[in-house]
Structure formats: structure tokens, C-alpha cells
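Produce the complete structure using the sequences and hints provided.
Taking our numbering, I'd label the letters of the sequence shown as residues 37 to 410.
Keeping only pairs whose Cα atoms sit at most 16 Å apart, straight-line, the calculated EDC-like set for lysine to aspartate or glutamate is:
no., residue 1, residue 2
1, Lys410, Asp386
2, Lys184, Glu313
3, Lys64, Glu88
4, Lys348, Glu285
Hints listed in this document are in silico derivations from the structure and should not be mistaken for laboratory results.
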Amino acid sequence: MKTTLLGLLLAAAPVVAQAQTPAPFTIKGQLGKVAPRSKVYLFGTGRLDSAEVKNGAFVLKGTVTEPKQVLVQLLQNGNRRRLRTGQADRITFYLEPGVISLTSPDSLGNAALAGTPLNTDFQQLQTLLKPGQDQLKALYATYRATPKEQRTPEFQAKSDAQEEALDKIVNQQYATFIRTHPGSMVSLDAVKSMGGAVPNYAEVAPLFALLAPAVQNSPAGQRYAAELAILKTVSVGAVAPDFTLPTPEGKPVALSSLRGQFVLVDFWASWCGPCREENPNVVKAYNAFKGRNFTVLGVSLDESNAREKWLKAIATDQLPWTQVSGLNGWKGEAATRYHIQAIPQNFLIDPSGKIVAVNLRGAALQTTLAQLLK
Numbered sequence: 037m038k039t040t041l042l043g044l045l046l047a048a049a050p051v052v053a054q055a056q057t058p059a060p061f062t063i064k065g066q067l068g069k070v071a072p073r074s075k076v077y078l079f080g081t082g083r084l085d086s087a088e089v090k091n092g093a094f095v096l097k098g099t100v101t102e103p104k105q106v107l108v109q110l111l112q113n114g115n116r117r118r119l120r121t122g123q124a125d126r127i128t129f130y131l132e133p134g135v136i137s138l139t140s141p142d143s144l145g146n147a148a149l150a151g152t153p154l155n156t157d158f159q160q161l162q163t164l165l166k167p168g169q170d171q172l173k174a175l176y177a178t179y180r181a182t183p184k185e186q187r188t189p190e191f192q193a194k195s196d197a198q199e200e201a202l203d204k205i206v207n208q209q210y211a212t213f214i215r216t217h218p219g220s221m222v223s224l225d226a227v228k229s230m231g232g233a234v235p236n237y238a239e240v241a242p243l244f245a246l247l248a249p250a251v252q253n254s255p256a257g258q259r260y261a262a263e264l265a266i267l268k269t270v271s272v273g274a275v276a277p278d279f280t281l282p283t284p285e286g287k288p289v290a291l292s293s294l295r296g297q298f299v300l301v302d303f304w305a306s307w308c309g310p311c312r313e314e315n316p317n318v319v320k321a322y323n324a325f326k327g328r329n330f331t332v333l334g335v336s337l338d339e340s341n342a343r344e345k346w347l348k349a350i351a352t353d354q355l356p357w358t359q360v361s362g363l364n365g366w367k368g369e370a371a372t373r374y375h376i377q378a379i380p381q382n383f384l385i386d387p388s389g390k391i392v393a394v395n396l397r398g399a400a401l402q403t404t405l406a407q408l409l410k
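Spelled out as C-alpha cells, the structure:
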């Protein structure tokens, strides 16, 4: 359960700007009972389009330069507050040239998609993913309903194991779809979704390579390819990018100055709940292995106006290792070089400076250190 910043990662080919000719699209909707003064809003095109719903029917028209995922939200009775809070009835689909129909006897979220090839593929993917995703939703609901005082280490370990097992099931379904639909743009988005905010290069790069040349060379494919190269520079086996950041006292510390020992570069922030929940596990590992050629370098993504909160979090969580930060948030030197899009995130670096593991959580951190520090 991670705190994320919107964005995805990875690269292999330079991004080439391609002029695309706008092509017309039409979205036709037919819903069941809809209250007066209801409207639908289209998000994801670069501008906010809307249309009135009359007798359950609506039409949205425009042009699109390349296929993309979009969101349509239904607001009944003109209640724009639900639009701002994200509580409106909604549906996600692919916007592409042609006529797209959305039909439902009740809510927009239950509408059947028809009319264009990508939406046919998209529905097939959703059907494939549904069993695993439903189980994940149920697991998250149980986790959120459990009071914090009852989230014991045993409960957390069990929840994490269940989440990991279900993630594997969902990812297997993504991979199956990608292999059977290499020529679909939906498969490119499946690779991105499978990777999430913290992709595993070893998993997603081979799947990206399976995509048809037309998909890889599309503008979206080139953008994702351009991010793959960045991810490769911080994947297992790569030499860890160096950086220099100050401690709270202002002393500059270079990652390279810690060569000769195992270093866990731990990205976190005082405001990040999952990071603070993970800190006791890192403390436990640090205390167990600090005398065996191992240390931790904490890198905070706090902002300049949160310096005191950063220092308080270090003291409250009793973090004894070196802490550094430029207090530039997500735009800091280290966060940029390691392409950090979610926290907590960590990189285990060996004495020669190579990355040997990424994103070790809970017991996995101690198990890995025990294997390496014999």
C-alpha cells in the first residue's frame, strides 16, 4: 500500500515528435432513469467537454490525434461537488476515431461498451482481470476496516502476503492478454498498469518487447520506451547513480562516499503514512546488521516548508542512520536520478556500488540481508 505520485517510467528509443491528423469521434450514451439537470463530463482530452443528458441519452463529439484512455462522469441534479470529490458515476474507456456507444439500464459505471476495436479489447481485458481485482478490493476493504491498533506485525505480514499473491494473479492475466494481443494499444497500457508506479524492469521490459512494432513506435509507445531506459539505470545489476545531499546539519553526503559496504538507500517522507509504518522494520534490520558492513542512508522527499516535520519524524521514529534531503520534494536530485514516483521505495547497493535488490519490505529486508551478510 504505497503513496504514489502520478507518473510512469521506462526507455529504449529516443522520443520522436510525430504530427498526427485529428480524426473525429462520437460518444453516444443511453442510460436508464436519469434525474433532471444531469450532465456528462469527458476528462482526458486536454480540455473539459460536457453534454446534457435528455431522456437518458447524450452525445459527445470531437477529434482525437491518438488513442487514449478517458473518463466520462455523470452528474445528476447538477451536483458539481461530486465531480470535485470524485464521487460521480463514471466509466473509463478508450477514445479513438469512430462511434463509441455506452449503454446501461442503470448507472454509467455499468454501461456496456461497443463500436470501436480498442474498446472491444479493453472489455476482454477487464473480464480477464475482474476475479483477481475483486479479491484485491475485498482485501483492501478489510485492511481499511481494521483499526490501526489491531494491525499487528502478524496481521500486516498476512495482508502483505495476500496482496502479493493476488498481485501475481492479476499480473499473470495482464501478461496473458499482452501475449495474445501484441498489436493492441490496450496491451501497451496493460504493460504500464502491470508495472504500476514502481515497475520492475526485469518484468515489464520483456513484455514491452513483445508488442508489435506499430505499438512500440506509436507516440505513446515511444514515450514509454523513453522511460524504460531511465528505469534500466536503477534496476538490479546497474551501478547506483551517485548523488550528494545535505544532512539536517548541512553536511554534504555523497552516496559514493559509502562505497565498501552494503547501503540501503531509503526514500521516504514525514508525511508518508506507509513510510512511517515501514520505518520500524528498517530500524530492526539496521540494528541487526549495522555491525556487519551494512548501513542505511535515508533520503527524505519533504519540502522546504516541512523541515521541522522531517526532523520531528526522524526523532519520533528513532531513525539512527544518516539522513539527507535537499527538501525539494519529488524534484530533488536523488529522487530525479532514481526516477522516484512512489514512496516508500528503497535500493540495496553492494560494496562495489551495484544495485542488488529493490523495494525490500518487512521480513524480506532482513531475509535478504541475512543471505548477503553471512
